[in-house]
Amino acid sequence: MGELKLMKGNEVIAEAAIRCGCDGYFGYPITPQSEIMETLMLEKPWETTGMVVLQAESEVASINMLYGGASCGKKVMTSSSSPGISLMLEGISYLAGAELPCLIVNVVRGGPGLGTIQPSQADYFQTTKGGGHGDYQVIALAPASVQEMNDFVGLGFDLAFKYRIPSLILTDGVIGQMMEKVIVADHKPRWTDAEIQKISGTWATTGKTKNRERHVVTSLNLESEKQEIHNHHLQAKYREIEVNEVRFEEFQTKDAEYLFVAYGSSARICQKSVELARAKGIKVGLLRPITVWPYPTVRIAELATKVKGMLAVEMSAGQMVYDVRLAVNGKIPVSHFGRYGGVIPSPGEVLEAMEKFIKGGK
Amino acid sequence: MATIEIKDIIKKENLVYGKTKILTDNIMHYCPGCSHGVTHKIVAEVIEELGIQDKTIGVSPVGCSVLAYNYLDIDWQQAAHGRAPALATATKRLMPDHYVFTYQGDGDLASIGAAEILHACNRGENITVIFVNNAIYGMTGGQMAPTTLLGMATATSPYGREVALHGYPLKITELIALLPGVAYVTRQSVQTPAAVRKAKKAIKKGFENQAKKIGTSFIEIVSTCSSGWKLSPVDSNRWMEEHMFKFYPLGDLKDSEKANEEDYKKYIE
Ligand SMILES: Cc1ncc(C[n+]2csc(CCOP(=O)(O)OP(=O)(O)O)c2C)c(N)n1
Numbered sequence: 014m015g016e017l018k019l020m021k022g023n024e025v026i027a028e029a030a031i032r033c034g035c036d037g038y039f040g041y042p043i044t045p046q047s048e049i050m051e052t053l054m055l056e057k058p059w060e061t062t063g064m065v066v067l068q069a070e071s072e073v074a075s076i077n078m079l080y081g082g083a084s085c086g087k088k089v090m091t092s093s094s095s096p097g098i099s100l101m102l103e104g105i106s107y108l109a110g111a112e113l114p115c116l117i118v119n120v121v122r123g124g125p126g127l128g129t130i131q132p133s134q135a136d137y138f139q140t141t142k143g144g145g146h147g148d149y150q151v152i153a154l155a156p157a158s159v160q161e162m163n164d165f166v167g168l169g170f171d172l173a174f175k176y177r178i179p180s181l182i183l184t185d186g187v188i189g190q191m192m193e194k195v196i197v198a199d200h201k202p203r204w205t206d207a208e209i210q211k212i213s214g215t216w217a218t219t220g221k222t223k224n225r226e227r228h229v230v231t232s233l234n235l236e237s238e239k240q241e242i243h244n245h246h247l248q249a250k251y252r253e254i255e256v257n258e259v260r261f262e263e264f265q266t267k268d269a270e271y272l273f274v275a276y277g278s279s280a281r282i283c284q285k286s287v288e289l290a291r292a293k294g295i296k297v298g299l300l301r302p303i304t305v306w307p308y309p310t311v312r313i314a315e316l317a318t319k320v321k322g323m324l325a326v327e328m329s330a331g332q333m334v335y336d337v338r339l340a341v342n343g344k345i346p347v348s349h350f351g352r353y354g355g356v357i358p359s360p361g362e363v364l365e366a367m368e369k370f371i372k373g374g375k
Numbered sequence: 269m270a271t272i273e274i275k276d277i278i279k280k281e282n283l284v285y286g287k288t289k290i291l292t293d294n295i296m297h298y299c300p301g302c303s304h305g306v307t308h309k310i311v312a313e314v315i316e317e318l319g320i321q322d323k324t325i326g327v328s329p330v331g332c333s334v335l336a337y338n339y340l341d342i343d344w345q346q347a348a349h350g351r352a353p354a355l356a357t358a359t360k361r362l363m364p365d366h367y368v369f370t371y372q373g374d375g376d377l378a379s380i381g382a383a384e385i386l387h388a389c390n391r392g393e394n395i396t397v398i399f400v401n402n403a404i405y406g407m408t409g410g411q412m413a414p415t416t417l418l419g420m421a422t423a424t425s426p427y428g429r430e431v432a433l434h435g436y437p438l439k440i441t442e443l444i445a446l447l448p449g450v451a452y453v454t455r456q457s458v459q460t461p462a463a464v465r466k467a468k469k470a471i472k473k474g475f476e477n478q479a480k481k482i483g484t485s486f487i488e489i490v491s492t493c494s495s496g497w498k499l500s501p502v503d504s505n506r507w508m509e510e511h512m513f514k515f516y517p518l519g520d521l522k523d524s525e526k527a528n529e530e531d532y533k534k535y536i537e
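Protein chains in written order, with the working numbering: chain A, 14 to 375; chain B, 269 to 537.
Chain A with its partners taken away, still in its complex shape (with noise of 0.2 Å):
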């Protein structure tokens, strides 16, 4: 099963796509993640699976193309970075209020404005607290490593299918630029006419036949009540995502004093620090959320009856600790480090961040 290969964070996503069945990819270049259109270019999916590759006129263009393809029912997902994504949030928000699924990744690269093309993660309030306007979610993978780049791609689509939800690949300039050992999953086909009219033949804009009422896909009420009924629905869809979809990995928390959360690349580095801490003496442990939205805030709130304190590593200025604070709600010291604009920190520089803390508590 699967396939061994040496390959980038991004190529693999490309890769990927075709593997697990997409029907289109639609985007507009921005570096670090470039090569995901550039791969599917050169692999020509059009001439094998049937896949749609178009690179659009804008990230704009593009999000709408994935509203097209997705109302048609279709496997469709866009790649871009940090301005093209802030590009897509009003199309975002449409796709979540028409409940289209989609999938869509973002190679976090530092900011504000055109920023820097070095990795960052200062785009998880925009991921996780909406982005766009209304009240909505979007579930947010956030890979740790090219192999889960690779995972996460089929992953996302089932899950933006199972609740009719976009899914987004929250990662960055690290992940998508290295290179690593990554098992490839083998060849799906495409789904079939048929399979769609399964999958998605409630609701889909396929065609209206004389058997069934027409199909229209649209995030707008203009009764207020009747948007609120819209609402609810999606909160409740909401609420059962939170209880059933929420993904984590542990790493020495067993009989760890203190815990680093971190979730991507800056996962990777804390785990490092955990270990140079440990050689150092200190029970250190990591939390690293695979789904940051949903968060997993349950078993951090258990995790903080048993550590004293947790330090939020991200490279933002501190976006994610505002989660771990409101888990924690006030029982253990909660502090955040962070290296940002670009700046990737080291385990060592982590682990002295760790060390402060344990001391000042803080």
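These are computed hints drawn from the structure, not numbers from a lab.
This list has only true hints and no planted wrong ones.
FRET-style restraints, in silico, Cβ to Cβ: (1) B:273 with A:250: 57 to 65 Å; (2) A:238 with B:289: 26 to 34 Å; (3) A:68 with B:480: 20 to 28 Å; (4) B:274 with A:245: 49 to 57 Å; (5) B:289 with A:175: 34 to 42 Å; (6) B:529 with A:258: 47 to 55 Å; (7) A:238 with B:511: 40 to 48 Å; (8) A:258 with B:480: 43 to 51 Å.
For each residue, glycine too, the CB sits at the ideal point set by N, CA and C.
Position chain B with the ligand against the provided structure of chain A, taking the given hints into account.
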């Protein structure tokens, strides 16, 4: 003399006109005199006549026609403001045997969505675009549109559109006609029975072109907006004929079978 009862007249063989089944029985929200209603009707008739109800996907805009999906009994996608051509692009590419059309106002198509329409047309997407140009933003209460004529008063050009402040009215249809990806560009209107017949013929051709896969078909309907223009429906038609037709002359701008790729390839040799 035999008396003729009404029931003797209402017979199938006497029928000269009927409402197409593609139009639903929902009461339209359009103002009296608005061109959207008639334009909806002829699009619906074309879909029925071509027998493509089960293969047609409409993309409605943000604007007065946002609710077009309440009136035509086909599958619809409701797009964000200006983005209908992007939705249509993906839909057509993913379902190439379907008929896909966008239905857009002038603010939607020529202002906020100018990039999407230009690029969809330039790629020669095999879609049909119905462009309802009433030279004003109807839905939001009569603000200036990119197509508002010079001197025309609107809510955001209350003293009349002037170049120094607002720039020139945009002939987007002429721009579109320059693009090699576009097969058919025409400008029509729907204020008289003759005009309606011509507009319908144009829309039909636009849909038929999709089967030929020869590129984009773009049909502008020069329209009225009595509410926005603050004129009666009759005066609106008169005003349109006197002023709009001068700046936006009716007729075909382009009718070709296919872009000549060779013309473009020679630059690289
Ligand atoms: C992003 C965004 N900006 C602005 C609006 C508000 N808005 C709704 S309709 C409209 C103008 C529509 O005018 P037009 O396209 O000419 O169509 P008409 O209503 O005249 O048929 C505007 C500006 C919106 N819905 N979304």
